[in-house]
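Visitor: One-letter residues, chain by chain:
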Amino acid sequence: MQKRYPFKFLDAYTRADSDFFFGRTDEVEALYEMVFQTDLLLVYGASGTGKTSLIQCGLASKFQSHDWLALNIRRGGDLNASFEKALHDAGGTSTDPDPEQLDWLDDDLSSDSPVPAAAKSLSPLARRFKAIYLKHFKPLYLIFDQFEELYILGNESEQKQFIQTVREILLVEQPVKIILSIREEYLGQLYTFERAVPELLRKKLRVEPMNLDKVKTVIKRVSLQPQSIVRLQAGEEDAIAEGIFEKIRGEEKTLSIQLPYLQVFLDKFYLQITGDEKREADAVLTQAAMVKMGDIGDVLRNLLDEQVLLTAQKLDQKPETIWRILSPFVTLEGTKEPLSEQALYGRLPDIDPLIIGNTLQAFMSSRILRYTEQEQRYEIAHDSLAKQIHAKRSDDEIAILEVQRLIKSQTALKKEAREYFTEKQLAFIEPYLSKIKLVEEEEDWLNKSRIFEATKKIKQEERKAKELQEAKARADQEAKLREEAEGQKKEAEEGRKRARTLAILAGLVAIVAIGLGVLAFFKQREATVAADQALTIVLPDIDRNIYRLEYDVTFPKCQAAVNLKARRREVEKRIWEIAYFYTEADSAAAAIAFLNLLNPTGLSKGMAGVQAKLRSYLASTVPASYLDSLKERYYPKLILVEGGSFFRDDSVEFQVDRFYISKTEITYWQFNVFARAKKHHIEPPSWEYAGDNPAVFTNWYDAAFYLNWLSDRKGKRQVYKMTNPQEGNYSIDNDVEINAKAKGYRLPTEAEWEFAARGGRRSKGYEYSGGPELKDVGWYAENSNSRTHPGGQKKANELGLYDMSGNVWEWCQDWYADEYPANLNKNYSGPEEGSYRVMRGGSWNDNAGYCRTADRGNRDPDYRNDLIGFRLVFVP
Amino acid sequence: MPNDNNNIIIQSVTDNSLTLNINGTIQEISNQLADLRGILQGLNAPTVQYADKIYNIEHINEANFGFITGKKLFNEVVAKQLIVAIEPYSTPARIFLGRIAQTPDWESVQRISDKAKEIIAYSFVGVIGIQLSKLMAIGKEDFSEAKQRKYIEKCLDIVKISLDLVCFALISQLWDAQKLRPRPLSAVQKEVITHRFDGVFESSVGEQFRLLRVLYEIFSKAENGLTLPFPELEGAAEWLQENSNFHQTCQSLQGIQEKLDKSQYDLLDCYEAETQLVAFLKYFPFLANYRMASIKQIGYRQIRNAEPHYLHRYAALGIDSKAHVDAEKMNYTTQTIHTDAVLLYRGEHYSESVNLFPFVIDYNALIFEHGSKICFYRSQEIIDNSLEYVYLDDNNILNLESKGILKPDTDLNELMMDNEDRKTLNLDSVVEQFWEARRCLLGDELNFDDL
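Keeping their order, the protein sequence lines are chains E and R.
With our numbering applied, the first sequence covers 1 to 876.
With our numbering applied, the second sequence covers 1 to 451.
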């Protein structure tokens with residue numbers, strides 16, 4: 001039997017240390033019971049109560065290895081990124097190329113349907129869990145240790161994303177459980193989390209600090225373990241344990257102690273007796289030796305001071321430099337802040353990276369710093385040490401940290417929620433900029449703040465100049481009046497005196513006028529340059545908002561852009577587009593507000609026929625070519641498909657009459673006009689709204705509502721009669737009647753879709769719509785980077801239609817049936833009834849087979865996900 | 001005369017070769033049983049050592065040789081043969097087999113084999129599916145002594161749980177029938193059933209076989225007029241005979257259990273256990289068509305002049321069982337159901353099911369917790385006759401004895417106000433129901449109407 005050192009210093013106990021892990025039987029049992037009663041478990045307690053050890057050693061040891069696949073996840077730089085990485089490392093990557101052509105293994109085999117229903121419905125996250133499960137066949141435990149870091153170091157968007165991820169995890173079908181370990185003083189921060197996930201606090205375990213009885217158990221049981229190299233002097237066990245407890249609780253006389261202190265104390269105690277830094281020598285702890293030990297305060301102080309001094313000597317540096325290198329690892333509140341090596345160099349640009357690297361190594365050896373492979377970061381071994389480092393900081397260091405926090409606190413927010421740094425804040429920040437390294441976004445925001453402040457100053461100067469001019473004018477007027485009065489009174493007798501006064505006044509006025517002229521010239525030139533710079537920032541920002549469908553946040557930006565009085569046409573174009581959007585989305589008031597920024601329109605929001613008047617105003621104001629480009633952006637473009645026929649499987653012939661079909665899938669820009677006008681459901685994909693990408697999360701009914709709206713808008717007849725016209729209320733029971741004779745916009749029949757996809761009469765018989773190689777004509781699993789793409793980027797098919805293979809599945813009008821009838825009528829439009837509607841074309845997430853023009857899919861008509869969109873047809 | 005003085009060790013194995021240490025001399029041969037045999041025969045050596053275990057060459061054949069040399073992976077036999085066995089009862093298995101029809105040796109392609117394992121584990125009825133997934137997990141672990149033991153243990157666990165499940169379903173059904181109209185049981189039948197109720201040790205596979213045979217005999221006796229809870233068992237009389245193939249499989253498994261108890265197992269026993277497990281489950285492939293559910297809570301709703309309705313909140317039992325309130329399912333129905341029931345049923349819905357309570361319990365349901373903790377009755381405690389249940393997930397024992405919380409003068413309204421008392425009442429009911437079943441089945445009790 002291999003004997004070994006039983007204490008862990010500042011490291012947590014792991015499964016491998018279970019033979020030395022004592023004093024936690026009750027908590028471990030309770031925790032073990034709870035994991036079978038919930039999928040989301042919260043473990044909380046004060047710092048130093050041993051939460052990590054309880055989970056990673058106590059709980060882990062309760063499971064057999066085949067029942068426990070634990071992913072220990074720390075925040076690192078971003079909790080969501082760390083989670084992604086952990087899944088990737090565990091084998092949960094579903095995007096690996098598949099040289100063996102075994103993609104069908106990902107299919108759901110629970111039904112004979114050619115398009116597997118459930119497999120398609122698995123979320124990307126569920127697919128990753130499934131991949132991990134198939135690799136291990138074990139229940140997965142996601143352990144988020146030191147979860148408080150999300151609130152200490154993370155920002156709101158990181159928190160929101162994580163909460164969303166937890167919600168998704170709770171919905172997946174695979175055996176996955178989540179354990180969150182958090183310091184109890186941060187429980188209050190979970191308010192938003194709990195509102196989104198009410199399960200969060202249902203099952204929770206408080207880890208209590210260790211009292212004397214438990215400390216005795218720990219020390220005595222470790223001593224009794226045959227594989228331990230540490231023993232207690234026989235007969236003195238209780239006295240030694242009590243003595244250690246007293247030394248650790250010091251003068252505070254608390255009823256419990258922190259475990260890291262116990263571990264550090266025991267380690268020091270061992271070293272005092274053996275002097276063996278390798279910790280291999282046998283040791284007997286005695287009461288007499290224990291009495292000679294200082295209390296825990298001395299031990300900790302000495303520990304850090306000693307290490308800092310030793311390192312300083314070894315590296316030939318001042319101790320202050322070493323303290324400075326440790327400082328970034330501690331937050332302003334004195335808690336730990338894990339950092340990557342690169343980030344540390346960035347925080348200490350004035351210290352030689354070699355010295356930083358050597359210091360890291362030295363503190364790693366002394367176990368005051370630890371490195372986590374998973375997050376690739378260094379961190380202080382425990383918060384108890386962090387406090388000491390914090391206490392050593394100079395005012396300058398604290399100021400630098402405050403500056404860093406100030407900058408980060410703004411840049412962590414989404415751009416539309418940020419505020420520019422004030423003049424006072426900039427004055428505080430500037431002196432320290434040489435001592436910190438900013439990332440590009442932080443630099444950018446600082447520059448923007450500077451420009452904003454400069455622009456503000458110019459405006460103030462302009463205002464002052466104007467006030468000065470007005471003052472001068474008033475002075476002139478007063479002088480004139482005085483002159484006249486004086487003239488009337490003393491014209492005769494004081495002619496000589498008046499002449500001299502006038503001469504003096506004229507001279508003064510001339511001087512002021514010349515001064516103001518020069519000032520105005522320079523101010524004007526500076527203002528033009530500043531305005532140009534400001535527009536370089538503002539205009540792309542507005543463009544981004546338009547792309548993300550965030551029209552409502554653009555007003556102040558457009559207002560600012562107009563006030564800058566530069567690049568007039570570029571500013572106008574943005575405002576015209578936004579006004580066009582609002583006009584088409586029946587938001588006349590908003591459209592008028594935007595147009596009034598350029599010129600008063602004379603329109604008011606409540607007036608009769610305002611929509612038509614707005615359109616007429618835009619037609620007369622906006623250049624025709626630009627207005628045409630806006631129409632093409634916000635309304636689909638149609639391509640004529642001449643009638644014809646095609647064969648499926650060489651046996652079934654489909655014949656269709658001529659029809660028009662949209663050139664691309666309906667985009668978010670297009671769908672959003674309708675959604676805004678009708679307050680209809682619209683949902684962003686995980687990659688956020690992108691105006692020129694196909695609108696996804698649209699179910700069959702959404703498409704029908706859109707098409708009816710479009711028919712109304714363009715003066716056509718509605719094709720779909722809703723049995724319950726209340727938008728958003730759709731189910732199989734509340735279906736639609738299709739008026740096949742109505743000349744309005746509708747979804748393509750399956751036959752029309754396939755005929756068009758194959759290239760109509762011009763078909764060259766390609767396997768995919770537009771060519772024999774899918775990568776040239778469509779976005780699919782192997783080239784999509786897991787998202788949709790703008791329509792029209794790949795090669796068009798023979799008819800000039802884009803993306804009929806891949807990008808998104810497209811709804812068709814027909815009910816789905818496995819087989820087609822033997823003899824088909826012309827313009828066959830599917831069975832009379834059914835449970836699923838047809839969808840065709842495959843998506844960005846599918847393998848090539850699903851993107852063939854011949855492949856078929858189906859779904860519940862009320863189903864939405866990020867793989868499905870639609871395009872329209874019109875039969876004149 | 002074999003020469004035991006030779007010391008032949010397989011030092012390393014690759015796909016193509018074996019590296020042997022023959023009395024200190026290193027020699028490489030091809031990874032073929034014939035070549036190894038040739039070497040051993042040449043030296044007149046009866047044994048070869050591999051990974052601290054000594055194997056008699058007589059016990060090695062072409063089937064298990066690959067297992068020793070790592071050419072055959074753990075669970076390959078399970079994957080290859082069980083997927084075929086469950087095909088008639090599992091759509092995914094049928095589609096899978098259609099897709100791999102043109103892929104010879106698919107079981108050696110890890111991704112395909114994993115898919116087959118997933119289908120098998122997910123197809124089999126909850127409690128067995130979970131155990132099969134554990135077997136898959138063990139099979140995927142790195143080679144070790146512990147792995148061998150765990151693998152054999154898990155094969156035996158699956159056999160015992162399967163037999164228990166089938167026997168408990170038969171006993172439950174018999175209990176309900178006896179309650180309505182007692183049928184006479186023979187002394188032998190009573191003895192075997194009594195042993196299952198009163199045994200103080202875990203039943204052996206042999207004892208479980210015997211119980212199954214007796215129960216089947218009772219059900220198949222025409223004048224008893226009983227219906228089997230598993231129609232698929234019709235015709236099982238043949239394979240439940242002494243010395244039938246099935247009986248021999250059970251005996252082989254019993255033998256493996258004995259080797260395990262004496263720590264006399266090696267890699268060949270892993271292969272043997274897997275092979276016998278597959279042979280065993282081939283008699284119960286229909287369990288891939290069964291599901292289990294635990295009734296968590298029942299609500300009642302009856303509006304004036306309308307039919308009463310019940311709201312069953314239940315948890316489906318299986319690998320993907322979740323442990324939170326949103327994962328529980330609802331069934332709003334006019335159908336009544338037993339409180340605290342653990343149901344076994346065919347197809348997708350439990351409208352026709354066997355209630356396995358109190359032989360199978362969901363401990364978490366009894367203490368008003370989410371998540372399922374399915375425990376099987378194992379034996380009586382030797383000293384105080386309390387009941388020992390085994391929690392299938394970790395094989396830990398749960399001891400239940402009646403606290404007698406419900407007394408003649410108990411104010412039920414008051415009792416129901418106290419959550420802890422209600423839990424105790426639920427746990428007491430497990431014990432009481434167990435004894436009631438025993439009394440009813442073994443004839444210690446008569447219905448009032450039968451007097």
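The set of hints was computed from the structure by calculation and includes no laboratory data.
Treat the hints with caution; some may be incorrect.
Claimed, not checked - Once the Cα atoms are required to be at most 25 Å apart in a straight line, the calculated DSS-like pairs of lysine-lysine come out as:
#: 1; chain 1: R; residue 1: Lys80; chain 2: E; residue 2: Lys130
#: 2; chain 1: R; residue 1: Lys80; chain 2: E; residue 2: Lys62
#: 3; chain 1: E; residue 1: Lys135; chain 2: R; residue 2: Lys259
Stated by the list, open to error - Calculated Cβ distances over 12 Å to all of chain R for the following chain E residues:
#: 4; residue: Met34
#: 5; residue: Glu430
#: 6; residue: Lys456
#: 7; residue: Leu597
#: 8; residue: Thr601
#: 9; residue: Asp657
The beta-carbon is built from N, C-alpha and C at its ideal position, and this holds for glycine as well.
Visitor: Was Thr601 of chain E rightly flagged as not at the interface, with every chain R Cβ beyond 12 Å?
Guide: Since the minimum Cβ distance to chain R is about 52 Å, Thr601 of chain E lies beyond 12 Å and the statement holds.
Visitor: Would you say Asp657 of chain E is clear of chain R, with no C-beta pair closer than or equal to 12 Å?
Guide: holds (39 Å)
Visitor: Given the hinted pair Lys80 of chain R and Lys130 of chain E, is their Cα-Cα distance within 25 Å?
Guide: Roughly 21 Å separates the two Cα atoms, so the pair holds.
Visitor: Verify this label for me: Lys456 of chain E is non-interface relative to chain R, using a Cβ-Cβ cutoff of 12 Å.
Guide: holds (52 Å)
Visitor: Hint check: Lys80 of chain R vs Lys62 of chain E, CA-CA at most 25 Å. Holds or violated?
Guide: Distance of about 33 Å is beyond 25 Å: violated.
Visitor: Beyond 12 Å from every Cβ of chain R: is that where the Cβ of Glu430 of chain E lies?
Guide: Its Cβ never comes within 12 Å of chain R, the nearest being 52 Å, so this holds.
Visitor: The output says Leu597 of chain E does not contact chain R. Does that hold with a beta carbon cutoff of 12 Å?
Guide: Check passes; 48 Å lies beyond 12 Å.
Visitor: Given the proposed pairing of Lys135 of chain E with Lys259 of chain R, does the C-alpha separation stay at or below 25 Å?
Guide: Roughly 31 Å between the alpha carbons, so the hint for Lys135 of chain E and Lys259 of chain R is violated.
Visitor: At 12 Å, judged by beta carbons, does Met34 of chain E keep clear of chain R as stated?
Guide: Check fails; 9 Å does not lie beyond 12 Å.
The structure does not agree with the numbered hints 2, 3 and 4 stated previously, though it agrees with the rest.
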